[in-house]
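Trainee: Based on these hints, arrange chain B on the given structure of chain A.
Line order of the protein sequences matches chains A and B. Here my numbering runs 149 ahead of the position in the first sequence, where the first position is 1. Here my numbering runs 149 ahead of the position in the second sequence, where the first position is 1.
I should point out that these hints are in silico values taken from the structure, not numbers from a laboratory. Note that the structure is predicted; figures quoted are calculated from it, not measured. There's no promise every hint is true.
[Claimed, not checked] Rough simulated footprint, nothing fancy, chain B against chain A, three-plus residues with beta-carbon under 8 Å:
id: 1; segment: 301-311
id: 2; segment: 321-331
id: 3; segment: 373-385
[Unchecked claim] Residues of chain A clear of chain B, computed beta-carbon distances all greater than 10 Å:
id: 4; residue: S192
id: 5; residue: A251
id: 6; residue: L277
id: 7; residue: G337
id: 8; residue: L338
id: 9; residue: R395
id: 10; residue: S407
id: 11; residue: R419
id: 12; residue: A449
id: 13; residue: V467
id: 14; residue: T548
id: 15; residue: D561
[Claimed, not checked] Part of the chain B face toward chain A, derived, beta carbon under 7 Å:
id: 16; residue: A241
id: 17; residue: T324
id: 18; residue: D325
id: 19; residue: P443
We put the beta carbon where it would ideally sit given N, CA and C, even for glycine.
Number of protein chains: 2
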Amino acid sequence: MPRLIIGNLFTDETAGDPRLLPAAYLQNAALGAQMVLWFAKDSDVVLLPAMPEDAVLDYITGMTGTDRSTLRVVVPPPGVSGTGLLTADRLANKSFRDELAAALDGVTVENVFPMTPDASVATLATDLGLEAALPGHAFFSQGGSVFVNSKAIFRTVAAGAGVPIPAGGVCTNQTDAHLAISRLFDQGLPAMLKRDFSSGGFGNEVVSSVPGIEPVGAGRTVVLPDSAAIEAYLQERWDWLSVGGRYAVVVERYVQGSRAIFAEFQITDRGPVFLEQGALYFAPVADAQVIPAPDLPRSALTQLIASTVRLCEALHAVGYRGPISADAILVPDGQVLFTEYNGRITGSTHAHAVIGNEIVGPNFGESVVVAEYIHWKVPSFQAAVQRLTESSLAYDPATKSGVVLTKAPSPDGTVRYCAIAENLVGAAQLKDKVESLFTEARPDSAIPAGLSGPDRHGPQEEEA
Amino acid sequence: MPRLIIGNLFTDETAGDPRLLPAAYLQNAALGAQMVLWFAKDSDVVLLPAMPEDAVLDYITGMTGTDRSTLRVVVPPPGVSGTGLLTADRLANKSFRDELAAALDGVTVENVFPMTPDASVATLATDLGLEAALPGHAFFSQGGSVFVNSKAIFRTVAAGAGVPIPAGGVCTNQTDAHLAISRLFDQGLPAMLKRDFSSGGFGNEVVSSVPGIEPVGAGRTVVLPDSAAIEAYLQERWDWLSVGGRYAVVVERYVQGSRAIFAEFQITDRGPVFLEQGALYFAPVADAQVIPAPDLPRSALTQLIASTVRLCEALHAVGYRGPISADAILVPDGQVLFTEYNGRITGSTHAHAVIGNEIVGPNFGESVVVAEYIHWKVPSFQAAVQRLTESSLAYDPATKSGVVLTKAPSPDGTVRYCAIAENLVGAAQLKDKVESLFTEARPDSAIPAGLSGPDRHGPQEEEA
Numbered sequence: 150m151p152r153l154i155i156g157n158l159f160t161d162e163t164a165g166d167p168r169l170l171p172a173a174y175l176q177n178a179a180l181g182a183q184m185v186l187w188f189a190k191d192s193d194v195v196l197l198p199a200m201p202e203d204a205v206l207d208y209i210t211g212m213t214g215t216d217r218s219t220l221r222v223v224v225p226p227p228g229v230s231g232t233g234l235l236t237a238d239r240l241a242n243k244s245f246r247d248e249l250a251a252a253l254d255g256v257t258v259e260n261v262f263p264m265t266p267d268a269s270v271a272t273l274a275t276d277l278g279l280e281a282a283l284p285g286h287a288f289f290s291q292g293g294s295v296f297v298n299s300k301a302i303f304r305t306v307a308a309g310a311g312v313p314i315p316a317g318g319v320c321t322n323q324t325d326a327h328l329a330i331s332r333l334f335d336q337g338l339p340a341m342l343k344r345d346f347s348s349g350g351f352g353n354e355v356v357s358s359v360p361g362i363e364p365v366g367a368g369r370t371v372v373l374p375d376s377a378a379i380e381a382y383l384q385e386r387w388d389w390l391s392v393g394g395r396y397a398v399v400v401e402r403y404v405q406g407s408r409a410i411f412a413e414f415q416i417t418d419r420g421p422v423f424l425e426q427g428a429l430y431f432a433p434v435a436d437a438q439v440i441p442a443p444d445l446p447r448s449a450l451t452q453l454i455a456s457t458v459r460l461c462e463a464l465h466a467v468g469y470r471g472p473i474s475a476d477a478i479l480v481p482d483g484q485v486l487f488t489e490y491n492g493r494i495t496g497s498t499h500a501h502a503v504i505g506n507e508i509v510g511p512n513f514g515e516s517v518v519v520a521e522y523i524h525w526k527v528p529s530f531q532a533a534v535q536r537l538t539e540s541s542l543a544y545d546p547a548t549k550s551g552v553v554l555t556k557a558p559s560p561d562g563t564v565r566y567c568a569i570a571e572n573l574v575g576a577a578q579l580k581d582k583v584e585s586l587f588t589e590a591r592p593d594s595a596i597p598a599g600l601s602g603p604d605r606h607g608p609q610e611e612e613a
Numbered sequence: 150m151p152r153l154i155i156g157n158l159f160t161d162e163t164a165g166d167p168r169l170l171p172a173a174y175l176q177n178a179a180l181g182a183q184m185v186l187w188f189a190k191d192s193d194v195v196l197l198p199a200m201p202e203d204a205v206l207d208y209i210t211g212m213t214g215t216d217r218s219t220l221r222v223v224v225p226p227p228g229v230s231g232t233g234l235l236t237a238d239r240l241a242n243k244s245f246r247d248e249l250a251a252a253l254d255g256v257t258v259e260n261v262f263p264m265t266p267d268a269s270v271a272t273l274a275t276d277l278g279l280e281a282a283l284p285g286h287a288f289f290s291q292g293g294s295v296f297v298n299s300k301a302i303f304r305t306v307a308a309g310a311g312v313p314i315p316a317g318g319v320c321t322n323q324t325d326a327h328l329a330i331s332r333l334f335d336q337g338l339p340a341m342l343k344r345d346f347s348s349g350g351f352g353n354e355v356v357s358s359v360p361g362i363e364p365v366g367a368g369r370t371v372v373l374p375d376s377a378a379i380e381a382y383l384q385e386r387w388d389w390l391s392v393g394g395r396y397a398v399v400v401e402r403y404v405q406g407s408r409a410i411f412a413e414f415q416i417t418d419r420g421p422v423f424l425e426q427g428a429l430y431f432a433p434v435a436d437a438q439v440i441p442a443p444d445l446p447r448s449a450l451t452q453l454i455a456s457t458v459r460l461c462e463a464l465h466a467v468g469y470r471g472p473i474s475a476d477a478i479l480v481p482d483g484q485v486l487f488t489e490y491n492g493r494i495t496g497s498t499h500a501h502a503v504i505g506n507e508i509v510g511p512n513f514g515e516s517v518v519v520a521e522y523i524h525w526k527v528p529s530f531q532a533a534v535q536r537l538t539e540s541s542l543a544y545d546p547a548t549k550s551g552v553v554l555t556k557a558p559s560p561d562g563t564v565r566y567c568a569i570a571e572n573l574v575g576a577a578q579l580k581d582k583v584e585s586l587f588t589e590a591r592p593d594s595a596i597p598a599g600l601s602g603p604d605r606h607g608p609q610e611e612e613a
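Only chain A is shown next, with the shape it has when bound in the complex (with noise of 0.2 Å):
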């Protein structure tokens, strides 16, 4: 029976006011939605903000084995933001609604299936008779996709179910975030400062009461030599870092020389599910991605489940169904902090539960990696994959290796893509032969594998 599958990639809930985002914000948001089409099978209904190129279309579905002649790809009319997000108000709009019927007349959904479970999919569920379509509806009926997409809330949950975080806080003000940021440094400690629902580390800075501290998963380290320069940075930063007073602060130790790692799980009405576990990769913001995570200790892989698993039962309690990606870092003396939850389809879902697990087959993690990489400057998404199949350096299944394409093209000419190979180092020679297609031999080709991929959690502040 066919799915509802909704590209609803970081909607109002989560990202504050849609009429006060920037162009290049939604831009890219738009495209970051289409990834959802590597979810779609015969027969199902796709909602997306903005029509894909054909090109990104026909390559996907021939990919997954999709027959695209029985996909129904329905856009609502521009909202309050244009045509960048599946805002509240398109999903309400009449017009959508009749076209939404009509594409729906006789047809049985078995399963409604959002990239981000906003209240608007709740309702939109609730009026076409499929809450029971949405497992956890009444949780996103209420707002539960801020809920489980929380940096601050995930602090909260995460403490109280006894999982590992770094040291720190959640701070609403800046007298808090000053004491916060001080108890750090004065036991000679670093911070990270995270703005609540960025991603891929553009939403966070390293700060540090000496030089020489690198950022790694953040855009820049501050230093700050004394109190009256935290004051005056925060004083400077705050409306930045909380988004005009709209959210939460997070305040973190900051441990040099960490791994980021990350575990997804399904959680169903009766628990956890694993699905998948990697690794990220920042230089210094969102990079690579590479799954499963490569020579990962036991002991941390351990560590990492075990955690998960009790935020899941944690966010089983409390109603919430559906993915949760839990992001953590291994801190060089092995012990696993856990960074942030996320509840939604993200940014590394499509490159196991679909490319993975469907396009490699069952177990892929046995015999290959699949290396997400995300700055290939190509001049058309079409002329990409024409030259990775003239170069034979497109995926083939009778050697489970080579290139498949993620995501059209960013406003910048990058794409992403997925390097599958039976290691890491496969992977990098197939990365340094895709990233020359196209021009002379580069003067970053000798960069070490995963230091060049994507914002996993998605493309929302690759170029805002």
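Mentor: Only chain B this time, still in chain A's reference frame:
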């Protein structure tokens, strides 16, 4: 063993930036914080934002049988918001910490007992080596107090836990609020709009598409006949509703003819323990409470308790420990729908846990009602005590009836008091006598019992 009692009524986490709060709010907050004195036992250390009047300290300890000379009341130097709140900066103050260390020298603190379980309380407990004495410490250290006092998060958790709530939604922007209001209006229903952290009905407004809807539990009713009127209303009021864009706004079906009831539980490591239930009265904002709720139908009581336990189980799973008060409405068709929770010592806790259970005695609700009223205008606290005694209206353990003052006079010269009597009629008769002690016969003495009383959840906005 003594406890460390912290009178932090509405702290910076839930009240917003303390530097921005109006003076009247702060003055009232300091008085409201004194109600924590009801919980003080011999040798307890009590932190308060400002030193209480001697008359108040004498009266409350006299009523509870606590040896006042063994109590240590510690007041930190003023903070960013002056002396109204026990804000994080005050609890971190160096000279306060020295004084507190001296007060605690040689003392083994059994329990840290905050009015509001703010992160600053968790920080204090950590610094004093008392983490284990504050159940729920980890949860509170990461913003748990926001979690258990937010009306927005309440709706998410309640819906997710299967607890019935009135139709409506949690709105982060005007567009979504407009849609949520319209959905109710389209069904011919009025709506109540709620600020996330206000209390006593002071943060609520009723909106209706037709005239004639009386506001109960809200400041006023606004008639919005069409979509343009909704838009104009939101444009004008959004800043107030969202506290300058800081919080989400709850839009909820407003059910005329409902009764307001509540249940309080204590969430322990092992799960929820029932404390008490009662009824709230509004005229049109918070005005009285009666414990236990008079004439509550058996089916309503069953629903109230069963659903509150579900709510408690969800909060237990995310790590909350401490008191929880769940507010609900009993609607005319007999359903109990939940409207908020409060994870703190509420304006009801002293009335049942101390005045009821300890002063009247265990199972007090089998033989008396405790009715608390809010607006007795008095020359001074001491004068009120004296007149109650002279007129033989003061509480008499022999008859288990009479009046107990509960709080120092507000800036408007009114005190809160509990009238304890065999039944509600008796309490109302006490009220009439009490409120005429300093006046000639008052024209409003004919108002039915229960329609003039206290803001139960703290005097936050009584005069703000």
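Trainee: State for each hint whether it applies.
Mentor: Now for the hints, and whether the structure bears them out:
no., hint, verdict
1, 301-311, "holds (count 10)"
2, 321-331, "holds (count 6)"
3, 373-385, "violated (count 0)"
4, S192, "30 Å, holds"
5, A251, "22 Å, holds"
6, L277, "15 Å, holds"
7, G337, "17 Å, holds"
8, L338, "15 Å, holds"
9, R395, "5 Å, violated"
10, S407, "20 Å, holds"
11, R419, "16 Å, holds"
12, A449, "22 Å, holds"
13, V467, "5 Å, violated"
14, T548, "46 Å, holds"
15, D561, "29 Å, holds"
16, A241, "6 Å, holds"
17, T324, "5 Å, holds"
18, D325, "5 Å, holds"
19, P443, "31 Å, violated"
Violated hints for the displayed structure, listed by number in ascending order: 3, 9, 13, 19.
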